[in-house]
Amino acid sequence: MTTGDLVQTAARRIGAGEPIPEAELRELAALRDVLGLGMLADSARRRVRGSRVSYLRVADVAGDREPSQPPPAAREVRLTGPFTSNEAACAAVRAAKAVAGSVPVSGWSLADLADVGAGAPLEERLASLREAGLDLLSEVPLDRLASPEETLDRAAAAGFTGIRLTVDRAPASARLDLLLLARRLASRTPAVAAVNPLPMVLSPFRPTTGYEDVRMVALARLAVPATVAVQVDWRRYGPKLAQVALTFGADDLDHVSADDGAAEGGRRTVLADVRRNIEAAGFEAIERDAFYRCL
Amino acid sequence: MADHNSLGEGGQLSEGRSEAGPCDGTGECRACSRMLEALSAKVRSGGRLSAGEALTLYRQAPTHLLGQLAHQVRLRRHPEPIVTYIIDRNVNYTNVCVAKCNFCAFYRDVGAADGYVLGFEEIFRKIDETIAVGGGQLLLQGGHNPDLPIEWYEDLFRAVKGRYPSFKLHALSPPEILHIARLSQLAAREVIRRLVSAGLDSIPGGGAEILVDRVRRELHCHTKASADEWLDVMREAHRAGLRTTATMMYGTVETEEERIEHLLRLRALQDETGGFTAFITWSFQPEHTERGGVEATGVEYLRTLALARLVLDNVDNLQASWVTQGGKVGQLSLAFGANDMGSVMIEENVVRAAGAAYCMDELEIVANVEDAGFVPKRRNMHYEVLGDPIVRERDLPRMLALATAREPGDAAVPAELLRYEPRSRHEKARRRSPADE
Ligand code: SF4
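So the protein lines, in turn, are chains A and B.
Per numbering that gives the first Met the number 0, the first sequence runs over residues 0 to 294.
Per numbering that gives the first Met the number 0, the second sequence runs over residues 0 to 436.
Bear in mind the hints are in silico, worked out from the structure with no lab data behind them.
Be aware that one or more of the hints could be misleading.
Unchecked claim - Pair ranges (Cβ atoms, derived):
| no. | chain 1 | residue 1 | chain 2 | residue 2 | range |
| --- | --- | --- | --- | --- | --- |
| 1 | B | ASN101 | A | PHE290 | 40 to 48 Å |
| 2 | B | ARG393 | A | GLN7 | 41 to 49 Å |
| 3 | B | TYR382 | A | GLN7 | 34 to 42 Å |
| 4 | A | ALA87 | B | ASP108 | 52 to 60 Å |
| 5 | A | PRO170 | B | ARG192 | 51 to 59 Å |
| 6 | B | GLU120 | A | LEU201 | 38 to 46 Å |
| 7 | B | ALA40 | A | SER146 | 50 to 58 Å |
| 8 | B | ASP394 | A | SER50 | 43 to 51 Å |
| 9 | B | ARG162 | A | SER50 | 54 to 62 Å |
Keep in mind that this is a model prediction, so the values were computed, not measured.
Think of the CB as a built atom: it goes at the ideal place given N, C-alpha and C, for glycine as much as any other residue.
Whenever a hint applies, use it, and build me the whole structure from the sequences.
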């Protein structure tokens, strides 16, 4: 297929609401024209979400410290830090629940839970965390799950919903395969609510590039089913990249600080800036809760 | 982007409905699309945009379309897939300034404890460090310091050229030239002549902000140089055979129309002299400034850059401002009309004072250029290609933060300042004080 035919075919499929076949996605991923890819992703996102962009205000709480009352604007309390043991994790969840009130509590990476060698099987670990009050898993890193379908099924069976598929640190060259995996997982598990295609672990010596980031966001939008949100982590990626990503198919900004007056470093912004960035990109800002319900 | 405007005679903007049918207010109606199609066709065929046409594109074209048009114009000017950059150092010789622009976080009042003037030896050391990483030029700019007469600049330039004959001085923006002219009661033309004979190679386009006097008055930068004065200095520089750059700082109080007026004034001077080598735009950095406020967003930057590529059809090179936008949006600028990644910079003081502290060393610039599908080449100030990246020839230490003019708290006064007659009351008093006797 020529580039023109490829883009036209993709545009036609998007218009008709058809999924783009894997072979065509691979060809699109090889396109050098990042703006052409962006245009396709933008039309796909507009078809599904119109001009709405959702954002989630999150209060981070260190899992190994006594939690304090989250800011009133928090829509999710997210436990951070390594998963050391089931007992410690359950205790952290209970402590967080005690201060979070009705705000959902999330925490840990499904890969970390699945990785902890000896001890109770994953199902039991997931069940005990649910019982302690854990509402959501923070991350489901596609590049770290040994048997993704099976592991995700267990999480869903334990009652976890609002699952966001993430990428831990896979290089750009490996991420299209991960997006195709995300497509398969989202198609078989309705609990999958979002895919966050940009790496969660950043290297100061070899940061990802702007082209790489927006290309991944666009491919994610073209790869995953229409019902799945494509999100960018506002705090990790900053306002500039996060905003530009909205024009490349992203429709959700995760991890906005719940502390509206928070100084998250010189270049980070608070709620007004999140909304301003969304609107300046030509979209409508809508706050959501941890379960992807618009508020 | 929802307003529908139609193009009147001569491309002037007029509100209302066009013959293509009623506007539905979404910016996506048939009338709007037809107008955008017509304007896109005009750009693609090399037509020159009027103010009204530029405004319509800026307001109504989807971001990707603006980018694609800008990229097409860039490819017409530079068919080779090359992206250039320069290794130089951004040195601010003094932060003492009497201009007091209200958007500036860098300046200090005369007599301020943290005001500084760099000594010649400090500047030589910076040049040595620049040469060590493959650089061949200083971008030398500073505040309007009343205690630095023209002789200070002449002596500095001569000293630099004496020690480093082939090293280039890209120095003194038009308002600095005017400041020196006023201090020395000389015409700007004469100042330029004397500085060129002392070693000045080219003039940076700083201090342009927005070349509309209403805006300049609001920014308290009208007295340092009115729009006409800025352009006149550039005209004189071009007539004297110097090449210069042109800039635009947007995102303060200007309207979209005034941004376009700025671009059109640059385009007109370029038609007249052909002296601008490049155009650089950046957003106002508000932190720690008297003006304050918020910074324009990344998407606005990319749209403004693309618009500049479309309007400035007679300027060869457009730089990406990664120092204000960060490396990622800086790299994406290459899809929105930029063909140059600017400078490795090594040192930066002005933008950092206003809250931005991005850094890209040569390795990262090269990686970003290649990742975007272009071939990186080193250049000089005239945008002549000098060669392949230095990092391809030898290992350079990674640079994860830009240097500053001075270490915090270093208040040393260079000895050679005593050679020049002070003008400010503060400096006169300081020289009379027993500590200096
Ligand atoms: S922008 Fe330049 S002229 Fe204006 S106050 Fe700052 S240093 Fe002085």
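Hint by hint, work out which the structure violates, then give me just those numbers in ascending order.
-> none
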